[in-house]
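Colleague: Residues per chain are reported as follows:
Protein chains: 2
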Amino acid sequence: MNIQNCYCVIMAGGSGTRFWPVSRTSRPKQFLDVASKGKTFIRETYDRFLKIVPKENIIIATAAKYREIVQEQIPEIDSSNILLEPYPRSTAPCIAYATYTLLKRNPEAQVVVTPSDHLIDDEDLFVETIRKAFEYVETNDVLMTLGVVPTRPDTNYGYVQAMGGKEAFLSDTPMQVKTFTEKPDKDMATLFINTGEFFWNAGIFIWRASTIKSEMEKYLPEVTDLFNGWEAAIGSKIEEEFILRAFSDCMNISIDYGVMEKTDRAWIYPVKFGWNDLGTWESLYNFLPEKDEDGNAFQSGKILAEDTHNVMVVSPEKKKLIAIKGLEDYMIIDTDDVLVICPKDDKKFKDFISGIAMPDYEKYR
Amino acid sequence: MNIQNCYCVIMAGGSGTRFWPVSRTSRPKQFLDVASKGKTFIRETYDRFLKIVPKENIIIATAAKYREIVQEQIPEIDSSNILLEPYPRSTAPCIAYATYTLLKRNPEAQVVVTPSDHLIDDEDLFVETIRKAFEYVETNDVLMTLGVVPTRPDTNYGYVQAMGGKEAFLSDTPMQVKTFTEKPDKDMATLFINTGEFFWNAGIFIWRASTIKSEMEKYLPEVTDLFNGWEAAIGSKIEEEFILRAFSDCMNISIDYGVMEKTDRAWIYPVKFGWNDLGTWESLYNFLPEKDEDGNAFQSGKILAEDTHNVMVVSPEKKKLIAIKGLEDYMIIDTDDVLVICPKDDKKFKDFISGIAMPDYEKYR
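As given, the protein sequences belong to chains A and B, one line each in that order.
Each residue of the first sequence is one higher than the one before, starting from 0 at the first, in numbering that gives the first Met the number 0.
Each residue of the second sequence is one higher than the one before, starting from 0 at the first, in numbering that gives the first Met the number 0.
Please keep in mind that the hints were generated in silico from the structure rather than gathered at the bench.
Heads up, some of the hints might be wrong.
With a straight-line cut-off of 35 Å between C-alpha atoms, the simulated DSBU-like cross-links for lysine-lysine are [claimed, not checked]: (1) K301/A / K346/B; (2) K319/B / K290/A; (3) K347/B / K319/B; (4) K54/B / K185/B; (5) K318/B / K185/B; (6) K38/B / K301/A; (7) K50/B / K324/A; (8) K318/A / K38/B; (9) K319/A / K54/B; (10) K217/A / K54/A; (11) K317/B / K64/A; (12) K324/B / K324/A; (13) K36/B / K54/B; (14) K347/A / K185/B; (15) K290/B / K301/B.
In this text, all values refer to a predicted model and were calculated from it rather than measured experimentally.
Could you build all of it, start to finish, from the sequences and the hints given here?
Modeller: Given below as structure tokens:
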């Protein structure tokens, strides 16, 4: 395997409102350090992939409006390695743009495509896993996705059923994919994990650029047709205009739905490192390692808590004294301009406030 | 009655931490508009007494450190009418200082002494009541205190037992005082209000300056001895030094405990206007007239509340969006640097945070 042929595409275009009110459209989760790791998610992701591919082979694809935040957080990245999506169009158009860009640079390109806001708990194992996946796709014309062994019937994740199941997992062997299922209900998820054939779809893909190109052309011609003429346009003076037009007309579709669920080239590589997409405030609470004897997780300044259990307090500035009494299983999120106090597991209320309230709130300010 | 002989002394020296964290030692309750009346307590008190006595007859006694706040909130007051207490010594030394000051100006002075942070709900009736009390003390050598008919066995108030009770109340007649009781327990308070002989002590006193002077000399010589020489000192160049020395050596004692409970000249005048000393956050909740259909009182900016009942939210800047779910009988107080979330009636916790936490917190900042 020639490491000069290995590339990384970090997708950082999401407007991540799930950590609202800490995350905002103007500064979504990937640009924050919600998990108090000392680095923002995108910085940590970038540093992780620096251990795998050369610096000049790391591409960040993001929304045009986040260019400055990316440059501020990854100052060493060359501006030609920041791909700007003029409109939010989910992952398939983003991957199309990145794929054509890399093919223009190197027809032999092998690529790992990754979200920018996940937690990985064993970097060495992660690095080793990605290297092995690169080796596999070098000689196999497959679209590889990483699969995490599920530990609970989580209904927030996508599930991938593999031909091979536990044995393949134990022997560290890539398996062909049988089915994809997006966010099943609780009963279905429980059934899934009991079979031993299902994995969580980590959303990290490894493939040759030429493979994903031909599979997209096959299953998503509505998208790839818009990129006709990419060989001349990309890297030229008209790139920005070309991309603006392509994205403008493009459908909004994920690579999972548009390609992975349809192709017979989908393979899954079972992984053994710890993975968490921190998709909800509650998952952050579950992740935070330091809890007090009452199960409280305080990501804040000085706290006085009495008769309070399993409560999470997040006050990003950590400047405020917060005194709480008599709360159970609550979360308290305090920012400069928003205060949320609600049960940790109340997804409906949180969706309500981060969905309905947020745009309304932008107006309100 | 000669109105030129009528004076008002507004006591505004308290460091009021009961509305912490909104009130601070640096800006206690009397300088705030906790009840959202559109005026601070001291401003409202001052304006109320302007309807009774001439402007130049209103004295404000306050702690030296609050001089600037007083001047800012009552810009029209002459600086000679601001008496500065160099040390906090409760009400008796404050009243001694004010009494000598007024006697120096006018040996015939009649005085109403009042706290600066109470709510009065019928100003016309209040004005009429004080005028009648002034008339009474003009010809009677008594120390008059205003008595409010108790509506509940409140354990935060002082109670005054009167010779006369309900009949005297109905006929609007001052009554001699039988007993004083500071903050009884619940059973005692219930007993009190059932007899019909007890009133809440509003802490508003009316007397002739010469009467309180001689009663203080009789019952509090430890205090009055320190003011020996006041005729020469007050109004002279040495006043500040004289007062500094007097307060420095003076005991800390209230006029109730030091004089009113001991003298046989204590009389009570029953009042019919609404009165509330807003001594606790909970009393503010009870006072606030505009509650939503779930009994919530929101003194804040935009609120999203679901499944929330009898909750008070106070966010003085009113700039923040506050989203709450599933709280019952709670109070949420949010300031720039402190957030309190606790049951409204949990006096112990509130005392804890405003007592223990506050000095600690000043350190913490």
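Colleague: Could you run down the list of hints and mark each one as holding or not?
Modeller: Going through the hints against the structure:
1. A distance of roughly 21 Å separates the Cα atoms of K301/A and K346/B; the hinted pair therefore holds under the 35 Å criterion.
2. This hinted pair checks out: K319/B and K290/A have alpha carbons roughly 29 Å apart, not beyond 35 Å.
3. The hinted pair formed by K347/B and K319/B meets the criterion: a straight-line CA distance of about 28 Å does not exceed 35 Å.
4. Of the pairs offered as hints, the one joining K54/B and K185/B is violated, with about 42 Å between alpha carbons and a cut-off of 35 Å exceeded.
5. At most 35 Å may separate the alpha-carbon atoms for a hinted pair to count; K318/B and K185/B exceed this at roughly 40 Å.
6. Using a Cα cut-off of 35 Å, the hinted pair K38/B and K301/A holds, with the two alpha carbons roughly 33 Å apart.
7. With a CA separation close to 45 Å, the supplied pair K50/B and K324/A exceeds the 35 Å bound.
8. A distance of roughly 30 Å separates the Cα atoms of K318/A and K38/B; the hinted pair therefore holds under the 35 Å criterion.
9. Proximity of K319/A to K54/B is assessed by CA-CA distance (about 43 Å); at most 35 Å being required, the pair is judged violated.
10. For the hint pairing K217/A with K54/A, the CA-to-CA distance comes to about 32 Å; that is within 35 Å, so the pair holds.
11. With a C-alpha separation of about 30 Å, the suggested pairing of K317/B with K64/A holds against the 35 Å cut-off.
12. The straight-line distance between the Cα atoms of K324/B and K324/A is roughly 16 Å, inside the 35 Å bound, and the hint therefore holds.
13. Note on K36/B and K54/B: the hinted pairing holds, with a Cα-Cα distance of about 22 Å set against a maximum of 35 Å.
14. Among the hinted pairs, K347/A with K185/B is inconsistent with the structure: their alpha-carbon atoms are about 43 Å apart, more than 35 Å.
15. For the hint pairing K290/B with K301/B, the CA-to-CA distance comes to about 15 Å; that is within 35 Å, so the pair holds.
Checked against the numbered hints given earlier, the structure breaks hints 4, 5, 7, 9 and 14 and satisfies all the rest.
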